[in-house]
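Undergrad: What follows is each chain in one-letter form.
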Amino acid sequence: MKVEQISIFIENKSGRLAEVTGILGETGINIRALSLADTSDFGILRLIVDDSKKALKVLREQRFTVSITDVIGIEVPDSPGGLTTILQILDQNNVNVEYMYAFAERSGNNAIIIFRFDNIDEAISALSSHGVKILPSERITSI
Amino acid sequence: MIWNDDFETLPREAIESLQLKRLQQTVERVYAAVPFYRKSFDKAGIKPADIKSLADLQRLPFTLKQDMRDSYPYGLFAVPLEQIVRIHASSGTTGKPTVVGYTRRDIENWTELMARSFVAAGTNQGDIIHNAYGYGLFTGGLGAHYGAERVGASVIPMSGGNTKKQLMIMQDFGSTVLTCTPSYSLFLAEVAAEEGIDIRKLKLKVGIFGAEPWSENMRQEIEAKLNIKAIDIYGLSEILGPGVGIECIEAQNGLHIWEDHFIPEIINPDTGEVLPDGEKGELVITTITKEGIPLIRYRTRDITRLFKEPCICGRTHARIERLSGRSDDMLIIRGVNVFPSQIESVLFNVDGIEPHYQLIVDREGNLDSLEVQVEVNEQTFSDEIKVLQGLSNKIRKDIKDLLGVTCKIRLVEPKTIARSEGKAKRVIDNRQKES
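As they're listed, the protein sequences go chains A and B. Throughout, my numbering is defined as the position within the first sequence, counted from one, plus 79. Throughout, my numbering is defined as the position within the second sequence, counted from one, plus 72.
Simulated from the structure, these hints should not be mistaken for laboratory data. A few of these clues could be false.
What the hints assert, rightly or not - Using C-beta positions, here's what the derived DEER-type ranges look like: (1) A/109 - B/420: 33 to 43 Å; (2) B/421 - A/207: 13 to 23 Å; (3) A/118 - B/287: 33 to 43 Å; (4) A/185 - B/424: 38 to 48 Å.
Said to hold, decoys possible - For lysine-lysine, the following BS3-like pairs were computed, each having C-alpha atoms within a straight-line distance of at most 25 Å: (5) B/480 - B/466; (6) B/497 - A/92; (7) B/380 - B/236; (8) A/81 - B/458; (9) B/380 - B/124; (10) B/168 - B/236; (11) B/458 - B/480; (12) B/487 - A/132; (13) B/277 - B/236; (14) B/487 - A/133; (15) B/111 - B/124; (16) A/136 - B/487; (17) B/469 - B/458; (18) B/480 - A/92; (19) A/212 - A/136; (20) B/275 - B/236; (21) A/92 - B/458; (22) A/92 - B/301; (23) B/466 - B/487; (24) B/168 - B/466; (25) B/273 - B/237; (26) A/212 - A/81; (27) B/168 - B/472; (28) B/487 - B/168.
Heads up, the beta-carbon is just placed ideally off N, CA and C, and yes, glycines get one too.
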């Protein structure tokens, strides 16, 4: 259920992002979803790719600081209030969302949103018990 | 004007014979009272009685800042604590400061030398001295304060900070003399302009600036922006505090070192060899009247030249040229002494941080800025911004707690700070320097 997300430390220098995507492209790794969190000095690029092990290896070889974090992908009804329902479930179960970002692709009639929680197992059980669909990791990396 | 004609205009031979007498007394005293000196003289195979001329000074071993640290806090004191009436300290590399103690007579001499310095800078009774040097463990505030009172001027004990209030008081009280760091004077001018105060129209006529290196260009800028004469003062807490030397307003050409209290020498910092007058090297000072903590051949690490030609002001004491650098890696940031090793010790105490760092010193507007670049590695990296910002904040706070200097922390990618074999290039100082 959990999906491996790759996080990369990127200094706020022009061309740095292109270097990362360039390395992945040359290695034949496809980016499925991404989010860039930025401050004035640095950014954290978070990626879901089709082969995270390989991505980790090539980026490390190129001396990037990389880490792997478990996240989950959730199908969110593509209708007004769809996201709110899910956030309310999490809130009732005291699970904190550290950050989230949306997938460009859809899954049927639903949007896909990637979530990072403070307590991922708690989040999974709370969401599952409320019938929220959590996407299997293969689904996400192969979209 | 000269404060103490008898001493400040002594003929050279008289200065030198006085120096020899006082040197001999000092050497005897430290040999008898300070185990550190007894040991170091014995090791060098020299006895106090061997000092028969000023040239014999060269035979004595140097005293280093490290020796003061090793003797923390009172190891180098030459008198029992009952005779110490004041203790000052400057920031230290390992968190322990360098401690100096003054006897009643030391305070009296310091006051005299600061009085001489104020008068040499063209200030006198009737002046209103706005003293913006910090009061506290730092010697600047109290040192200037006592001297100003001795001259008979009215002292405003402002201390540092609170710039708008400083300006209000300067305006309302009619301050005529400003004492602070050179960079702070420019900051005052900048804030005055923002507040719509024409600082050039205030009653200020002289500024006495020290505690950090500054260039001739900066002097011209200060003189133009504040419409004052800007005078360079020299001092260091180990030797006395402010008032070891000062420029006279008549010449503004070199700082007179009060030679009846100190013997200055210039050495080659690499070999320790004494250089002839006029050659550039490291300033070494021997105190010859200090009681609390007399220092023999103290290596100041300041680079300058010494010259003894008579000065148009009438003073006969030797002059040093405006300081042109340091023979060690000490940085002076907003008047605070900072050694890269101090920053390093903070970083070492933060979990996971690698000891690869670089310090970027610059001048933003008129104030020094310090940026500490630290490499992020997989141990310290997180996919959450708040964790990385927490790391920066912790480093910033630890540095502030240890050094009292606010800096900016920049997290950089691993292996981006240049490694070099041997001595790493830890510091990039972009502040405008004049050769």
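Undergrad: Check the structure against each numbered hint from earlier and tell me which ones fail, lowest number first.
TA: 2, 7, 10, 19, 22 and 28
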